[in-house]
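Residue numbers (the working numbering), protein chains in the order written: chain D, 1 to 233; chain A, 1 to 227.
A few of these clues could be false.
Claimed, not checked - Simulated restraints, written as ranges between beta carbons of each label pair: (1) R114/A <-> P6/D: 49 to 55 Å; (2) E132/A <-> F85/D: 51 to 57 Å; (3) L51/D <-> R185/A: 48 to 54 Å; (4) Q191/A <-> E117/D: 53 to 59 Å.
Derived by calculation from the structure, the hints in this document are not laboratory data. Ideal Cβ placement from N, Cα and C applies to all residues, glycine included.
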Amino acid sequence: MLDLPPDYWPIIALSIKVSAVAVGAMLPIAFALAWILARWRFPGRMLLDALVYLPLVVPPVVTGWLLLLLFGANGPIGRWLADWFGITLLFRWTGAALAAGIMAMPLMVRAIRLSIEAVDRRLEGAARTLGAGPLRVFLTISLPLSLPGVLAGVILGFARSIGEFGATITFVSDIPGETRTLPIAIYAALQAPGAEAVVTRLAIASILLSLTALLLSEVLARRMAAGVRSYRA
Amino acid sequence: MSVPRPAVTARPDPSPPATASTFRIDVWRDLGDRRIACRIDAGQGVTALLGPSGVGKTTILNMVAGLLRPDGGHIHVGDVPLFDAARGINVAPEHRRLGYIFQDARLFPHLRVRGNLLYGVRRSPDAAEALEEMARFLGIAGLLDRWPSTLSMGEAQRVAIGRALLTHPSCLLMDEPLASIDRARRTDILQLVERLRDEVGVPILYVTHDLAEAERLSAHIVQMDFE
């Protein structure tokens with residue numbers, strides 16, 4: 001379709017794998033953060049709010065460097081993971097997923113939080129009067145009603161992950177077949193002379209992937225808006 | 001507290017004295033410099049809580065239902081203490097067994113009528129039959145597979161009444177169920193409330209701002225007023 005040389009398809013596959021794992025692993029955390037920010041009132045909420053959105057505004061290289069400090073071989077979390085679980089993230093595709101997940105988190109939290117805030121809390125009260133405890137109210141009312149925002153967050157996060165470059169290359173470097181995702185492959189191709197055709201194809205592939213994700217998210221957002229229903233008078 | 005309570009007057013019940021009070025309520029809650037308070041001691045049938053808009057009638061119902069915590073006082077329904085500040089009792093709303101009919105019906109938009117009706121029903125072999133019977137009683141048998149967004153307000157209110165009744169509540173709290181319904185359909189719902197009173201025999205605490213409505217339905221009217 002894109003007339004890519006066969007050895008470039010694995011790059012796209014790796015990008016999709018890294019992004020899917022990044023979003024999948026980040027989703028519960030993003031949902032919990034969105035819930036806390038939308039529903040809880042506590043001292044330090046503004047600080048948490050700021051911390052969540054930090055990856056959006058800090059230079060990605062800095063985020064990658066912080067990940068190196070924390071998850072590197074001598075970092076506190078990195079050493080703990082290696083000692084207890086034998087897990088190494090540095091220079092691995094899983095590390096690329098971690099970097100992509102951190103960078104996607106603010107967008108995911110934002111989308112999910114907006115939809116949690118849009119849930120009519122009076123419906124939760126109605127469910128309580130019908131005999132449902134807090135957990136059942138969450139599972140049968142709050143969660144289903146905020147689902148459109150969760151889906152939008154997943155898609156936005158996925159699109160952001162596909163494009164992730166700075167934190168990833170700082171944290172896990174450029175290792176062909178392991179951490180060379182689409183943007184890193186494009187960057188690497190740009191370094192070599194005469195690779196314009198390949199760069200063009202990879203660029204088109206990444207634009208198509210992201211555009212598809214954004215369009216999907218837009219469709220979902222519209223459906224969500226239409227979902228705010230009222231009774232016919 | 002120095003904040004005075006609103007005047008609360010109760011008319012004498014002309015019917016023979018009930019064996020026991022269904023509602024024994026004396027609660028208050030302070031909102032800024034205003035105190036919302038109410039005292040009710042009423043037996044079976046419909047007890048109307050009458051008062052102008054904004055006086056805090058819905059606040060009282062929310063306190064009875066457990067959705068809002070009173071600042072003080074007590075709430076007994078039947079012989080069950082649901083809230084008692086002095087004794088530290090505050091039963092969670094899901095354990096109060098009260099059917100609350102909201103002014104705006106408050107159906108769950110992501111569930112069909114059937115799903116809404118069954119929300120508070122424990123799974124049992126009789127559940128389907130109870131649902132069918134309730135749907136016939138309320139005249140909503142043809143609506144079971146519809147989404148709430150496709151219902152008229154009157155239909156939604158019937159579904160809300162069925163949803164509450166199917167949980168076998170010890171009483172019903174109704175918050176101006178006619179307010180959002182066009183005039184032509186109001187008689188239908190009024191007649192339905194009368195059937196609930198006479199045929200089902202469930203005690204009802206009925207909030208309204210309309211004296212005629214209160215007098216038609218209720219032998220016992222509790223008046224709430226601003227200071």
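Evaluation of the provided hints:
1. For R114/A and P6/D, the hinted distance range of 49 to 55 Å is satisfied, since their beta carbons lie about 54 Å from each other.
2. Distance hint for E132/A and F85/D: a CB-CB separation of about 55 Å, consistent with the stated range 51 to 57 Å.
3. Under the hint 48 to 54 Å, the C-beta atoms of L51/D and R185/A, about 53 Å apart, fit the expected range.
4. Checked against the hint of 53 to 59 Å, the pair Q191/A and E117/D fails, with Cβ atoms roughly 40 Å apart.
The structure does not agree with numbered hint 4 stated previously, though it agrees with all others.
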